[in-house]
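Colleague: Listed here are the chains, written in short residue letters.
Protein chains: 2
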Amino acid sequence: MAKRCERLEGSRARSVLSGAEAVLFDCDGVLWRGEAAVPGAAEAVRRLEAGAGKRLCYVTNNSSRTRGDYTEKLRRLGFPPAQERQVFSSAYCAARYLRAALPPGGAAASAAYVLGGPALSAELQAAGVAHVGAGPAPAPPTLDHAQSGPLDPAVGAVLVGYDPHFSYAKLCLSLRYLMRDPGCLLVATNRDHRLPLEGGRAVPGTGCLVKAVETAAEREAFVIGKPSRYIFDCVVSEFNIDPARTIMVGDRLDTDILMGNTCGLTTLLTLTGVSTLEEVQGHLESSCPERRSLVPDYYVDSIADLLPALQD
Amino acid sequence: MAKRCERLEGSRARSVLSGAEAVLFDCDGVLWRGEAAVPGAAEAVRRLEAGAGKRLCYVTNNSSRTRGDYTEKLRRLGFPPAQERQVFSSAYCAARYLRAALPPGGAAASAAYVLGGPALSAELQAAGVAHVGAGPAPAPPTLDHAQSGPLDPAVGAVLVGYDPHFSYAKLCLSLRYLMRDPGCLLVATNRDHRLPLEGGRAVPGTGCLVKAVETAAEREAFVIGKPSRYIFDCVVSEFNIDPARTIMVGDRLDTDILMGNTCGLTTLLTLTGVSTLEEVQGHLESSCPERRSLVPDYYVDSIADLLPALQD
Chain X
1 MAKRCERLEG
11 SRARSVLSGA
21 EAVLFDCDGV
31 LWRGEAAVPG
41 AAEAVRRLEA
51 GAGKRLCYVT
61 NNSSRTRGDY
71 TEKLRRLGFP
81 PAQERQVFSS
91 AYCAARYLRA
101 ALPPGGAAAS
111 AAYVLGGPAL
121 SAELQAAGVA
131 HVGAGPAPAP
141 PTLDHAQSGP
151 LDPAVGAVLV
161 GYDPHFSYAK
171 LCLSLRYLMR
181 DPGCLLVATN
191 RDHRLPLEGG
201 RAVPGTGCLV
211 KAVETAAERE
221 AFVIGKPSRY
231 IFDCVVSEFN
241 IDPARTIMVG
251 DRLDTDILMG
261 NTCGLTTLLT
271 LTGVSTLEEV
281 QGHLESSCPE
291 RRSLVPDYYV
301 DSIADLLPAL
311 QD
Chain V
1 MAKRCERLEG
11 SRARSVLSGA
21 EAVLFDCDGV
31 LWRGEAAVPG
41 AAEAVRRLEA
51 GAGKRLCYVT
61 NNSSRTRGDY
71 TEKLRRLGFP
81 PAQERQVFSS
91 AYCAARYLRA
101 ALPPGGAAAS
111 AAYVLGGPAL
121 SAELQAAGVA
131 HVGAGPAPAP
141 PTLDHAQSGP
151 LDPAVGAVLV
161 GYDPHFSYAK
171 LCLSLRYLMR
181 DPGCLLVATN
191 RDHRLPLEGG
201 RAVPGTGCLV
211 KAVETAAERE
221 AFVIGKPSRY
231 IFDCVVSEFN
241 IDPARTIMVG
251 DRLDTDILMG
261 NTCGLTTLLT
271 LTGVSTLEEV
281 QGHLESSCPE
291 RRSLVPDYYV
301 DSIADLLPAL
311 QD
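Heads up: the sequence lines are chains X and V, in that order.
The end of the first sequence is residue 312 by our numbering, with every number in the run present.
The end of the second sequence is residue 312 by our numbering, with every number in the run present.
Source of the hints: derived by calculation from the structure; they are not laboratory data.
Fair warning: this is a prediction, and the values are worked out from it, not measured in the lab.
Incorrect hints may appear among the rest.
Stated by the list, open to error - To spell it out: a stretch of chain X is covered by chain V in this simulated footprint if at least three of its residues, at any positions, have a beta carbon under 8 Å from a beta carbon of chain V; those stretches are:
(1) 154–167
(2) 203–210
(3) 213–219
What the hints assert, rightly or not - Short derived list, chain V residues pointing at chain X, Cβ under 10 Å:
(4) Q147
(5) P150
(6) H165
(7) A169
As the list claims (entries may be wrong) - Under 10 Å between C-beta atoms, here's a sample of chain V residues computed to sit facing chain X:
(8) E49
(9) P140
(10) Y168
(11) M179
(12) R194
(13) A202
(14) G207
(15) C208
(16) L209
(17) V210
(18) T215
(19) E218
C-beta: ideal position from N, C-alpha, C; glycine also.
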């Protein structure tokens with residue numbers, strides 16, 4: 001049945017929530033904005049978990065924070081305590097993917113060349129994936145070295161994450177690894193175009209860097225984060241949840257809602273972040289199947305709107 | 001009539017050449033490879049100009065050389081002397097475009113923020129286009145400065161050329177200029193994915209940087225170089241040549257040949273550079289109109305093959 005983006009309230013809210021076993025939350029724009037919790041969000045999360053007994057997971061495209069950073073931030077902003085295994089970031093899931101896709105450590109082509117920072121490096125380290133290039137604060141390679149210096153013989157994958165030290169030299173080095181071996185994997189944490197800041201400002205997202213590498217390599221990257229279903233597959237393999245009894249809550253139609261719809265989840269848009277009801281309206285009126293797949297089942301102004309349906 | 005990529009030789013070569021008034025040459029892969037002239041190419045060019053009286057122009061997507069660099073290289077490699085006005089590089093044509101598209105110097109939004117090197121800067125300077133950001137060897141902005149430093153109030157365009165100092169910080173600054181003013185122009189010298197080097201090696205081309213900026217800006221750039229017809233329009237406005245009596249000679253189907261076909265020129269592929277007859281064959285057998293538009297009228301192994309048809 002076509003999704004219609006209905007407001008989730010009253011008896012419908014109680015029925016949708018009571019039918020769910022698991023709720024997946026995007027974080028920024030849903031639970032908080034920057035360092036400020038969305039008012040009422042922590043209480044809604046508490047009631048979903050402790051009161052209604054839902055399995056909660058946190059699913060984020062951000063590759064510049066570790067899972068520990070997320071549990072710490074949840075705590076700091078007054079959310080119920082979470083375990084690291086409830087956090088599915090694109091950094092953690094990329095590390096999981098490479099651990100499975102690359103040969104065991106020490107074998108040929110078992111390491112990753114990484115465009116990214118210290119959190120991505122830490123998740124790779126925790127997963128036992130050998131890697132070069134990533135932070136904490138590496139000197140970007142000089143252009144001469146990137147163009148003609150020796151390549152690391154162990155590299156069998158290029159992983160593109162959020163990298164504030166991205167440079168033409170790093171792009172050169174990525175291309176050399178990908179041209180050296182047609183079997184070299186090309187993996188991206190996510191395709192987000194921009195990261196919104198306060199006051200309508202924004203900085204370029206990982207998707208810009210991914211496009212640069214893909215254009216040079218003339219290949220498409222395997223994408224870990226939303227809307228790719230890989231990040232949801234990680235949740236399923238960890239918690240064995242049933243898609244038909246899972247709600248995906250997010251603020252972006254093109255990542256959160258699209259992934260949820262693709263994976264057969266119930267999708268709930270919250271208006272505390274990036275996407276607006278006007279955008280949904282445009283998709284609803286479109287005859288294009290791709291745009292229709294961006295329409296959520298339900299929306300709320302804020303996840304605090306779920307509180308009445310979650311009375312103890 | 002559908003183009004069939006016939007070998008240009010014998011009486012057909014004499015007839016095609018005698019019917020032409022002007023010949024446009026791509027340079028690298030056609031006249032030379034790196035620092036080595038294609039054997040016989042200089043003599044073919046000499047006979048076309050001095051013997052057969054053709055108007056010759058040099059049309060290149062390279063944005064990292066000035067027109068003077070090209071006339072000097074032609075001289076150095078033994079080609080007939082050329083005037084700078086015969087050289088149409090994407091750097092020169094970008095400067096021409098911005099001179100026409102931006103308000104006069106001193107007015108608001110009359111300057112360009114430039115991702116590029118000293119040659120691009122020199123062409124802008126020669127055209128009288130105020131600009132910031134470009135080489136010779138500017139310190140790339142620090143990330144802090146790019147994200148929160150003051151913006152130049154005069155900037156009304158972002159110009160993306162070949163920039164070996166491209167960085168995430170420059171990408172941030174580009175996005176800020178483009179978000180500050182929805183009327184800010186976004187211009188790219190070209191979309192080439194890679195620059196081929198000797199021995200099958202390659203480095204990332206300007207197209208990679210363009211994609212990164214376009215992805216962040218969520219806008220498409222206006223492209224100056226081949227296959228855009230803008231660079232050909234520059235030739236026409238300078239020399240008033242007749243497309244129906246003009247031959248475009250190039251080594252790349254997706255730039256040289258596509259532009260020539262789009263603009264109604266006779267197109268001649270030479271096999272001393274990037275594209276191969278196998279690629280042409282794939283396009284010839286395709287029913288896709290976009291691929292058919294990459295098929296040239298004629299091909300030669302090298303432009304030296306034109307010598308017999310150009311006997312004095």
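Colleague: Does each hint fit the structure? Answer for all of them.
Modeller: Against the structure, the hints come out as follows:
1. 154–167: n = 5 at 8 Å, threshold three: holds.
2. 203–210: holds (count 6)
3. 213–219: holds (count 5)
4. Q147: 6 Å, holds
5. P150: Violated - the Cβ of P150(V) stays beyond 10 Å from chain X, reaching only about 14 Å at its closest.
6. H165: Hint on H165(V): holds, closest Cβ of chain X at ~7 Å, below 10 Å.
7. A169: Hint holds; A169(V) Cβ to chain X Cβ min 8 Å, cut 10 Å.
8. E49: 37 Å, violated
9. P140: 8 Å, holds
10. Y168: Holds. Min distance 4 Å.
11. M179: With a minimum Cβ separation of about 7 Å from chain X (threshold 10 Å), the hint on M179(V) holds.
12. R194: 6 Å, holds
13. A202: 7 Å, holds
14. G207: Constraint on G207(V) satisfied, holds at 5 Å.
15. C208: 4 Å, holds
16. L209: 7 Å, holds
17. V210: For V210(V), the interface hint holds, since the closest Cβ of chain X sits about 8 Å away, which is under 10 Å.
18. T215: 4 Å, holds
19. E218: 6 Å, holds
Violated hints for the displayed structure, listed by number in ascending order: 5 and 8.
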